[in-house]
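Undergrad: From first to last, the protein sequence lines stand for chains B and H.
Counting from 1, position 38 in the first sequence corresponds to residue 45 in the working numbering; the numbering is continuous, with no gaps.
Counting from 1, position 108 in the second sequence corresponds to residue 1539 in the working numbering; the numbering is continuous, with no gaps.
None of these hints come from the bench; they were simulated from the model.
Bear in mind that the values here come from a model prediction, so they are computed numbers and not experimental data.
C-beta atoms are modelled at their ideal positions from N, C-alpha and C, and glycine is treated no differently.
Warning: the hint list may mix true and false statements.
Covered, in the sense of this in silico footprint (three residues per stretch, anywhere, with C-beta under 8 angstroms from a C-beta of chain H), are these stretches of chain B [claimed, not checked]:
#	segment
1	56 to 67
2	98 to 109
Pulled from the structure, derived: some chain B residues nowhere near chain H, Cβ distances all over 10 angstroms [claimed, not checked]:
#	residue
3	26
4	29
5	84
6	152
7	235
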Amino acid sequence: MTIAARCVDLKKDYVLKGETVHALRGVSFEVPEGDYVAIMGPSGSGKSTLLNLLGCLDRPTAGALFLGEDDVSTMTDDELSWIRATRIGFVFQSYNLIPQLTVVENIEVPLYYQGRLRASDRERCRQLAAMVGLGDRLRHRPAQLSGGQQQRVAIARSLVNDPFFILADEPTGNLDSQTTEEILALFERLNDDGKTIIMVTHEDEVARHTKRIIRLRDGMIQSDAPNTQRKHAGTSYWSMAGAAREGVRHG
Amino acid sequence: MGRWMHTIRMGCKSLTLHPMRSALTILGIFIGVASVIWLLAIGEGISREAQRQIEQLGADTIIVRSVKPPVEVTVDRRGPTPYGLKRAEYERIVETVPTIKSAIPIREIRRQFRYRSRLVDGRLVGCTPEYADVNKLVVARGRFLEETDILKKQDVCVLAARVAERLFPLEDPIGKRIYISEHTDFYQVVGVLEPRNPTAAIGGSLSAQDYSGDVYIPISTMRQRIGDIVVTRGSGTFEGEILELNQITLRVHEVKDVLATAELVQDMLRSHDKLNDVAVVVPLELLEQARTMRLMFMVFMGLIAAISLVVGGIGIMNIMLATVTERTREIGIRRALGARRSDIVRQFLVETVALSVLGGLGGILAGYACPYAVELLRWLLETYAPKTIESLPVVVRNVKPTVLVWSIPLAFGISVLIGVAFGLYPAVRAARMDPIEALRRQ
């Protein structure tokens, strides 16, 4: 089985006001392709630090991080940018869409930084938007969409570059329970299609939807086990997409 | 290439987010570029006008003028003392200086001209046929003086436009005889001239020449009929002067000989050094001076324009710094999605350059409007404030701004350069941000 991401004894120290903080004290795990992992832990456990490292936004103090074959822990800033553009799909808690761009243009952004943007890509972005149920809102701007819709645009964006894995940071943190269900259903469907998803969350309710749960405590892995009580999202993707379309017609 | 197109498109999109802010930023560059073109155009217009006037004097001419010394030197108990250029000196110059093509002896007196009951004040000029050519006088009707007039000392005259108009408002002046006051002679009119623009005074050495009130007669006739002693009646006084020639206008064969010839002529007139009653004026020198003046003028104008451009550039930098701060989060998002530092720099640079280029293009359009605007201003002044326009120097009054072709690419290049120069710092600052920090910013 191909490995999407592999951490080998990852360590990260910060210097805060002259004091060294050991945010990660040696973390090792593998995420095989097609996995659906939740990374959990209380605040201060090193969750965010691990997320930043996995997202190639930061470099570890020690240890190695392989995305596919390549060790990204020693790469330059430009190389890391390239890795982010080609191998990682980000989904953030606060959606992080670019306000002045339309739905399609937002989905296009990662392709643009890959240096390839052709007419066929525009079509692909449209299909992705349709897949997340926003095919009829291509020209809308983020401010004209609800939170759930914005998050679906973000998910479409995270898929556009065919990443090794989707890195989701509290993707449902800003959403109500019904929308949360919808988004989790979408993730589940993507995972069923073979997408690898790494989700950072502190909500057990959300983590229960994943296949595997890694718990961090004080910068170390406390537990790393398959989720035996996996809960499947109540709303199916298709009914959700249908509801979105209904909403447009009536609204 | 596609990358650039995309960046430009996105940049324009970002600029339309704050249309007012972008417009005001553009205005700064607009004013800067327009002022560069305007100042250069007006500067060029003024200097061309000045140069044209000097050129009318002729680059190949040397003007030797008699200068009237102060009264106490010339007037003693026995009456006025002779001064100025002598006919003998004229002959000597003509005979001995080989580089001279032609020489015109000139004598000028203020006189009244009369035809029947109409009187006109003007200048009586004794000269030779070449005078018309050297001073760019154009005959409207009849002819100018001819060689035979000089040889035969004919009683003929040629009228300048204004004199002809005043003395003969209704009749045809050709063939009529006019009377020159204080001398009991009549002169037959043989020609009338076209109106001619006055020449400007150049420094202190050559006063302005207004040809419109002149009457030209042969120099030989003038010597015979009027003589060298001229008495002018003032209010309650007589003023006399004894003078053979007011001016000798020399022309040389080739322009390169002008300065050497002038020096030679000056040497020949050393005897006048004591009284200091002769001046040698070389228009070519004035031309050179005018060129230097023009250059200084351009530099000065350019300096002012440069200052306004820098002010515009600082405006751009100010706005872009604000924009970068405001869009920190966007920068974070873009970095997370794979933008390199150089992509961010490029994005913000494109925006500043777009602003400055838009300002530059607008400025160029406004620059082209300069001649029309000046024309309009002149028309307004002439209509509503004729006194003001009269008080302006001729050169300024007649200025025709000339938009210099090279000032367009210059202005455009400068505006792009300013966009890059003043946009670079905000752009680099944006790119230096830590993506994690930037994403955390609300």
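Undergrad: Hint by hint, note whether the structure agrees.
TA: Outcome of the hint check:
no. : hint      : in the structure
1   : 56 to 67  : holds (count 4)
2   : 98 to 109 : holds (count 7)
3   : 26        : holds (20 angstroms)
4   : 29        : holds (18 angstroms)
5   : 84        : violated (6 angstroms)
6   : 152       : holds (16 angstroms)
7   : 235       : holds (34 angstroms)
In terms of the numbered hints stated before, the structure departs from hint 5 and from no other.
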